[in-house]
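**Student:** Here's the letter readout for the chains.
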Amino acid sequence: MNPQVSSREPSLGPKHRDTTPEYTWEVRANSRGFRSPFNVRFPCLRRRGFSNNTIKTCKYNILTFLPLNLFEQFQRVANFYFLLIVILQSVPAISTLPWYTTMLPLLTVLFVRAAKDISDDLARRRSDKEINTRPCDILQGGSFKAEQWRHIHVGDIVRIRKDQIIPADLLLLASTEPHSLCYVETADIDGETNLKYRQALHCTHSRLQTEGQLSDFDGLVTCEEPNSLLHSFSGTLHWMGEQYPLSNDRILLRGFRLRNTHTCYGLVLFAGPDCKIMRNCGLFTVKKTQIEILLNRIVILILTSLAVTATLLAVGCGVWDARKGRSSEFIAATSRGDSSLYMGFLTFWGYIIILSPVMPMSLYITFEFIHVVHSLFIDWDLDMYFIEKDTPARARNTALNEQLGQIEFLFSDKTGTLTQNILTFKKCCVSGVIYGNKQIYSETTQPIDLQWNPFADGKLSFSDQVLVDRLRSGEDRSLTEFFRVLAVCHTVMAEEVDGDLRYQAASPDEEALVTAARNFGFVFMSRTQDSVTVSELGKIRVYDLLAILDFSSQRRRMSVLVREPSGKIKLFCKGADIVIFERLETKCLYLDATEKALEEFAKDSLRTLCLASKNVPEEFYQSWSKEFLSATMAMQNKEAKLEAVYEKMEQELTLLGATAIEDKLQDGVPDTIHILKKGGIKIWMLTGDKQETAVNIGYSCKLLDNNMEILEGATLRDLLWTPQINNNTSGLKNEEWLNSHLKNMQATRQALVITGQDLDEIFQQDSQIASCTKQAGILQHFVELASKCETVICCRVTPLQKANVVEAVKRQQKAITLAIGDGANDVNMIKRAHIGIGISGQEGLQAVQCSDFSLAQFRYLQRLLLVHGRWSYLRVCKFLNYFLFKTFSFSFVHIWFSFFNGFTSQPAYENWFITLYTVMYTSLPVLSMALLDQDVSCHASLKKPKLYWIGQEQQLFNLRVFAVTVLQALLTSLTLFFIPYGAFYNTAYDFQTFSVTVGTSAVFTVTAEIIQRITYWTRFNVLAIALCLILYFIMTFILQSAHLYRVAPQDFSFPGAAYNAFSHPYVWLTILLTVVVSILPALIVRALNKALRSPDLHRVHNSDMQVSYLNEVEFRQFFHGVPPRRRSSYAFSQHHGFGDLVTTMNSRETRSCEGVKTIPSLG
Amino acid sequence: MLIVFFLPHLLYFSSYWSKILKMKKDNKPDNTAFTQQRLPAWQPVLSVGIVLPLFFIIGLAFIGIGIGLLITSNNIQEFEEEYTGIGDNSNCYICANNATANCKCTLNFTIAQPIQGSVFMYYGLTNYYQNHQKYLSSRDDQQLAGETYYLKNPSQSCKPYQMDINNNPIAPCGSIANSFFNDAFALYYNNQGFLDEVKLDGSAIAWWTDHNVKFSNPSQTGSNLSQIFEGTVKPINWSKPVYNLDVNNPDNNGFINEDFLVWMRTAALPDFRKLYRRISGNYSSFMPSGNYTLEITYNYPVKDLPGKKKVIFSTVSWMGGKNQFLGIAYLVFGSLCFVMGFILLIVYAKYQNVEDNDD
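Residue numbers (the numbering used here), protein chains in the order written: chain A, 1 to 1163; chain B, 10001 to 10359.
It is worth saying that the hints were derived from the structure and are not from the lab.
Hints should not be assumed to be uniformly reliable.
Said to hold, decoys possible - Calculated pairs, DSSO-like style, for lysine-lysine (alpha carbon to alpha carbon, straight line, at most 30 Å):
no., chain 1, residue 1, chain 2, residue 2
1, A, Lys677, A, Lys587
2, A, Lys946, A, Lys702
3, A, Lys162, A, Lys324
4, B, Lys10028, A, Lys324
5, A, Lys324, B, Lys10303
6, B, Lys10028, A, Lys943
Values in this document were obtained by computation on a predicted structure and should not be read as measured data.
Could you put together the complete structure from these sequences and hints?
**Tutor:** Listed below in C-alpha cells is the structure:
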C-alpha cells in the first residue's frame, strides 16, 4: 500500500514521458483557471472542456422552447404530413376542403404535445435544481465554505462528511481515518451493498492534514479522459517533484456515499457530465412503442397508396377532361383555359386533400388521449398502491402503455428490486438439532425475549425460545462453541457510537451473523491488531488473534486461529458446506443430521454456512506458524503458498453446526416471477453482485430450480469460444454445432450464469469481428444461446454492460424488452430498454426519474404487465383497427364517386361532415371502447398468464390484420357508394340528398360495426353511442340550418338538405339497406369464426372456477414436486475480505491517530 | 369538441398539481368503479342464439320490404319519351342541329292506359356531369342569397362567368346558372282531333328551403326587380334576364324562379331527372288514355356531351319515382341472409357435435 515513488525525473516535460500512457486530461489542484495546453488550442472543438459540476437534463429554456419543440414535433411523419395538407388546402386552385378541417386539429395536437413537453421539462429542471443545489464544502481562500454542488469546479478541493454523497469524481487526498482509509457505499453505482474502502496515497495522507496544507496543495494530476469505466482509472499525480501512479482505489466516484468515516478530502478530477456515473447514464432517447413504429410504417404505406391512388385518379381526370369534359361548354369553361394535363395536376392535389382523412389528425389525438387515460388507470390502481410507503404506481411516460402487453424479455436488477437487501439470521442447526421458526415466512410468531441482553438490537426475528434457554443454561457446550465461532471468526470491525455498538463488515452476510451472535449474548466488542474482545453472556473474554486465514472465492471458507483465555489454541472455521465437510474429522457425530438440516434450509431458500472448530496442539501451531510466516513473506506465488499453508491447518475439523440466513426477498417476488415466466416472459437478472449471491437469490426467487441445468463458467466459455477458434476453417460447421447444442437444450431446462468479465470479452470480440467480417458474431451466438435458456443471470456487471446486454437482446431478438431496477446503476439499462421501470420509494431516485413507469414493489409488475399491459395492448389494437376501418370506409367512397363525376376530386360529402365525422360523429364510441374494453377480467388474466401471448406475438395489430381491415373497409365503401348509387340513379334526388344518404349510412355502419366489436358494455359505451348518433342529427340540422346559412352562405352550403332527405322514406330505406349490407360480411365472418374456432378467451369466461383449481395444483407441484438440492454459499465477497486490513500493522492502530486530532479542528 | 381531447390531459395535470399543492393527505388513489376499472358491464357473446335468429329476422324483414318496394314501384305508372333529336326521323332533328333560338318541335305519343292520380312531369338528362367539381363550385351562394354587395361583385369562383367582356357583373354568375336548362314544354291532349292544352303547374316544384332560405332576391325598398338588377348583365347563354324569367307570374322571377331553383339543385349522378311541372287543371287527377302532343321549345344543346334529353310523366308514391333497384336489392340480400342463416345452422350443428366429443 505504500506509494511507489516513480524513478523518473518529475521535471521532465510531457514529451519525455514516452513510456507512460499519454494522458491528456490535466488537473491542477486549487487552480480553477488551469487549462491543459490541449484545451487552449482547441477551445471550440472541446464542448465540455473542464466543466463545472452542474448537470443539465432539461432540454429547453424560454427562448429555445418554441423552435426546438416545433422542430421535434414536425419530425413526426404525421405532423409534417398534416402541415402539408394545411398548406395545400390554403391554395385556392386546388382546395377542395376548407383549411380549418385540418388546421384546428393540428394546432390542438401541437399545443397539447407542447404542454406535455413543458411539464416534463419542468420536472426535469426541478430535479436538476435539487441535485445541483445540494450542499457541499469547497476549499476557497484557505478555508472550507459551504457551497452547492453546482459551484464545484475541476481542481477544487472538497470536504465530504459522513453519510454525504460524493458530488463529483474525486481523488481521495486524506481522511480522518487511520492511514486515510475511507469507507464508501456503492449501492447506487454497482448495486453492491457491502462497504468498500478507498485509501489515499501515503504522501497526501501524511502531508495534507490541515486546511492550510490543503490550500497550499498544488499537485498536478494527469489522467485518462473522462470515460464510462467504473472499475478502472489510471493517472499520475505530480507533486513536489515526484510522480505517483493513481489507480481506481484512490478515486471516489460521484454517487458513492461516505460511510463510517468522519470526513474525507478530495480533489475534483471530473465534474458534472464528465463524471463516470454520468457517462454511464446513456443518452436520453425518445421511446416509441412497437405499435407506433408499425403504425408509422403503415402511415407511410397509406400515404404511398394515397399518392398512387391520387395519381391514377388525376390521370383519369386528365383523360376524362380531354375526351369528355371539353365537349361540354359549361364544364370546359370552368377550366378557364387550363390544359387537361394541368387539370390533372391540380386534381392530383385535390385528391390528396379529400383522401387525407384516411389518416386523420384525430387518430393521433385520440391515440394520445387513450395513452394518457391508460396511464391514469395505472396511477389509479389501488392494487398497485403500496400503502406502507404511500406510493402509488406511476406511469411517467404516457406513451408506452400497450407495449407493456408485449414484453418478451425482462431484465431485473437484484438488490433493492428482487431483494429487500435485509439479511436476517433465521435458523441454525447445532449438534444436529434445528433451532428456529418452523414457518419462516409467518409473521405471527412471537419474537423471543432478549431483555436480558443489553446488547440486543431488537431487530432479530427469531422465535425459538428453546435455543435461548439452552444457551443461557450453558449446558450444551457445543451450542456455546457455535456462537463463540460466530462472534470471533470474522473480519468485522466494531465501533461505538453514542454508547451503541456498530459493526462494519465487508459483506452483509457476515454482519448478519455477527449481529445474530450479539443478540444471543455473544457480543463482539472490539478488536485490536492481535486480539478480539467478546462478551459471552455478560462475561468479557479476550481472545488472542494468532492468524486470520482469510476468505477467497476459491477457498470459500475463512478461519481464525485464536488463543483462548485459558491458553488453549483453537481454530474457528466457517465456510460452504462442501468445503467444510471435506475437512471434517473422520468420526464426525452429527454429520447426517446436519446434512438433513441443510437440505431443509435449502428448501426454504436460505443461505447456509457450516461452522467448525478444532483444538490445535501448541507444538503443531509452533511449526505451522513458521511456515505461515515464511509464506506471508514470500515474494513469488504468495497466494498459492498461503493457501497451501492454510490447507494444512484446516484439517480434522469438528463440525459444530450450520447457520441459515435469509436474504429477504421483496414481497411476492417468487410468485410474480413464476407467473411472468408462465406468461412466456424470459427473465434475466443483471446484477453487480457476486455470482454466489446472485445464484442463491436466483434459487430463492424461483428463477432457478433444481430441475434446471446451469450453464456457467468453463462450460459456457467452451460453448461460446470453441467454435470461434476454427472459425475460419469451418464457419458453417460451428453454426451447426451450436444449433445442435441448442436442439439438445430444448430437452432439458437450462439456465445460464455469466459474469461481467466474460460479457466484456464477448462484447469486445464481437466488435472486432463485426468490423472485419459480416458474419454472425459471438455476441449473436451468446444472445441466441441465452434466449433459449429459461433464465439468465449476469453477475458482476457494470451499468454500461447492463445496458449493452439489453441493447444486444433488443437488436438481435427483435423483441420487446423491459428493464426494472432501483438504483443509479440501473439507469442506463432502464433508458435503453423498450420500457424502463424504476422501483420507487427507495433512497436514490435516479432510477425512477429516468424510468417510464415507477412501481413501489416488484410484485406489482405482474399486474402492470398481465392486466394493464394486456388490456392496453388489446384496447390500442382494437382502437387502431377500428379507427382505420372507419376512416378508410368513409374516405374510399370519394374514389368510387370519382368514376361518376369525371375524376374531379369532388367530395362525396358535405365539408362539415368530413370535418366532424371522425372528430364528433364517430369519436366517442371508439374512445369508450379504447378506454374501457376488456376481453377477460383482471382475475382471469392473472390466473391464466398464457393469455399474455397475444401481445408478444403481435396478434391483434400487424400487417395481416391491417390488410383485413383495408379489405373490409373496401367492401364497406363499395356498399356505401353503390347501393345509394343504384337507388338514386336516374331519379330526381339531388347531390346533397345523396351526400346526406351516404353520410348517414356511413355513420350508422361504423356504429353498427363498433357495436359488434365492443366486448365489454358499460353504461359509458351505451351513452357514447347514443350521444354520437344524437349529436350527428343535431349537428347536421344545426349546420344545415337557415340561420347559419344566412350568416355565411359559403361555409354552410347545405341548408335544409338533411331535412328534405330525411322526409323521404325512400332515403331511409336506402340507408337501412346500405347499413345492413355493409355489416353483413363482417357479421358472417364473425359468426363462422365463432362456429369453426373455439377461442381460448371464451373458455376463460366460462371456466374461471376450473382455471383456478388447475393452477393451484400446478403451483403446488411447482413448489413441492422435486426435493431441492442442497445449496450452500459463502458469498461474502468476490475479492479477499477485510482480513488483510485487519491484520496489517496500519489498520491495527487505534483510532486516535494524529489525523483525528488535527482535522476535526478544521471544521 | 376539441375540448374533449384536453380532458385527460387536464386530469393528468390536475392530479399532478393537486399533489404539488398538497390537496390530498396521501397518494392513495380513489376507490371508484371507474378508476379501478370495475364498471358494471355486460359482456355479450356472439352466440348461436343471437346470430341465427338475427339472420332469419333480417332475411324475412328484407324480403318483406323488397316485395313492398317492388309492388309500389310496379304500381307507379311512368311514361318516358326521349326528344334529343339524334335520329333523322326524329321530330327534333332539325332543332337539334340548327342552333336557332326558340326552335320548336313537337313530340306525339300515346298513353295506352289512363293514368290515375296526380302526375308529375320531369325532364331528364343523361351523361350530364352536374357533379363536376369545377362546375359545382362555379356559383356564388352569397349572390344567390340576395346579398347586394355580391350582386355587383360576384365571387371569383364564378369565373369565367363572373363578369362579361365589358366587365359588367353577371347575375346570376357562374357556370351552373349559365347552363340553366331552358327548354320549354307545352302539353296537349288529342281529344278527338281537338288539341286540349293540359295545364302544367310550375309552382312549389323547388325545395321550400331553397325558395325561402337559400335563394332570395336582393331587396331594395321601393324598387322592382329590374331596377334592383340594374348594372348587372344576364348570363351569356340566357335569352331573358333573371328578373324576367316568368312573364306570367312576376313573383316567380329573379333568383327565386322555381325552374332556376330546381336547376341549381345539382344532381348527384350524370344521369338524372328534374321535376318540371305538375299536371294540373282538368287532368290533375286523371290522364285519360289516348294521343298527346308535346310542344318543345328546343334551346338546350346536349349533342356535344353526347347526352340525351327526355321528358317523363309519372305518378307519385311514397317512394318517389319508379325504381326497381331498391326492391330487388332488398330481395337479394334478404334471401342471402336467409341462406346464410341455414348455412350457419348447419355449421353450428356440426361444430356442436365436435365440442361435445371434446368435452
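**Student:** With reference to the structure, classify each hint as holding or not holding.
**Tutor:** To see whether the hints hold, each was checked on the structure:
1. A:Lys677 / A:Lys587: violated, 46 Å
2. A:Lys946 / A:Lys702: Distance of about 18 Å is within 30 Å: holds.
3. A:Lys162 / A:Lys324: violated, 91 Å
4. B:Lys10028 / A:Lys324: violated, 72 Å
5. A:Lys324 / B:Lys10303: holds, 12 Å
6. B:Lys10028 / A:Lys943: Measuring from Cα to Cα gives roughly 26 Å; hence the hint holds.
Against the hints set out earlier in the document, violations occur for numbers 1, 3 and 4.
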